Each structure stands twice: as C-alpha cells, then as structure tokens.
Amino acid sequence: MDKREILEQLDAITTSIDNVIDSIEATSSNLDVVLSTTGSTNKLLDLWIKILSQASYTTNLLSDKNWKGITKNEEEYQAQLKKFEELNRRYTQEKQRKEQEREALRQKKQTQEQRQQAREDALQRRVYGRGSRPVSSTQKSSSRVSSSVTKNTKR
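Just so you know, we're using this note's numbering here: the sequence shown kicks off at 174 and counts up by one.
To be clear, the hints were calculated from the coordinates, so they are not data collected in a lab. Nothing here was measured: the structure is a model prediction, and the numbers come from that model. Quick reminder that beta carbons are idealized off the backbone N, C-alpha and C, glycines included. Check each hint, because a few of them may be wrong.
[Claimed, not checked] Taking lysine to aspartate or glutamate and the DMTMM-like style, the derived pairs with C-alpha atoms no more than 25 Å apart in a straight line are:
hint	residue 1	residue 2
1	K245	E267
2	K216	D205
3	K268	E247
4	K245	E258
5	K281	E267
6	K268	E258
[Said to hold, decoys possible] Label pairs and their in silico Cβ distance ranges:
hint	residue 1	residue 2	range
7	E267	A228	28 to 38 Å
8	D219	I243	32 to 42 Å
9	L180	K216	33 to 43 Å
10	K238	T211	38 to 48 Å
11	E259	T231	51 to 61 Å
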C-alpha cells in the first residue's frame, strides 16, 4: 500500500466518523424534541383530566335529585354549622356544670372531713381534758413501770 491509498482510507474513516458524530447529534436533538413533546403532552393530559373531573362532578350534581343549587346548599351548610355550634356550646356548658358539681362535692367532702376532725378533737378534749392527748399503750406501760419504781424507792 502506498501513501495515497492510506490517505484515502483515512479520509473514508474520517468521513465515517463525522457521519457517526452527525448522527449522534441529530439523535440528541431528536431526543430533546421527544422530551419537550412528552412534557407538553403531560401538561395537556393533566388539563384534560381536570376537565373530565369537573365534567364528571357537574354531571353528578345535575343528576343528583337532592342538589338544590349552590345557594340552597350553602344555606343548608350554614344551618348545619349553626346546629353544630349550638351542640358544641351545650356540650361546653354541660362540661362546665359537671366540673362545678365535682368541685362542690369535693368542697363538701372536705368540709365534712374538717367537721369530723373537729368533733374528734372536741371528743378527745372532753375525754382526756384540755391539752391532753390519748396515751398509747407503750406510754401507759412505761408510766406504770416508772411509778412502781418510784414507789419502791420511797419505801
């Protein structure tokens, strides 16, 4: 092979490589177009879905025998809201009333306990005298021992 043939082959290879590079660039450009088209298609599909959804909702409303129009439905909603608020107000009042009753019972019980304690204190004062306290069994036995010791030492 001479230099001229090698040069022609190199030119053919270079042309082939250029063609491959051009094809890759065209493919890349085509992929960008496909990507852009896909994005646009998704937007159109989303819009179409919203339109179908609204159409379905409207059809259901129009075929609903209980639907009386937006103003009537709003009035019914407001009436339901008032009922709910009234029930909530009653519930709150009832809850407060029960809490007040519980507090009154707690105070009554506390007052009864205080009266009972005062009765017991008064009874102890009557039985044991002023300032006296009931003597426990261990205090009684120790006082007996000390008094018998005192008697024995006096003899």
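Results for each hint:
Simply put, K245 and E267 have alpha-carbon atoms about 33 Å apart, too far for the 25 Å limit, and the pair is violated. Our distance criterion of 25 Å between C-alpha atoms is met by K216 and D205, whose separation comes to about 17 Å. Only pairs whose Cα atoms come within 25 Å are accepted, and K268 paired with E247 is rejected, the gap being roughly 31 Å. Between K245 and E258 the alpha-carbon distance is near 20 Å, which keeps this suggested pair within the 25 Å criterion.
For the suggested pair K281 and E267, the alpha carbons sit about 21 Å apart, so the restraint of at most 25 Å is met. Restraint check: the Cα-Cα separation between K268 and E258 comes to about 15 Å, which is no more than 25 Å; the hinted pair holds. Taking the beta carbon of each, E267 and A228 are about 48 Å apart, not inside 28 to 38 Å as hinted. Restraint check, D219 to I243: a C-beta distance of roughly 26 Å breaks the suggested window 32 to 42 Å.
Evaluation of the 33 to 43 Å hint for L180 and K216 yields a failure: the beta carbon distance comes to about 54 Å. Checked against the hint of 38 to 48 Å, the C-beta distance between K238 and T211 comes to roughly 44 Å, which is consistent with it. The given range of 51 to 61 Å is broken by E259 and T231, whose C-beta atoms sit roughly 34 Å from each other.
Against the hints set out earlier in the document, violations occur for numbers 1, 3, 7, 8, 9 and 11.
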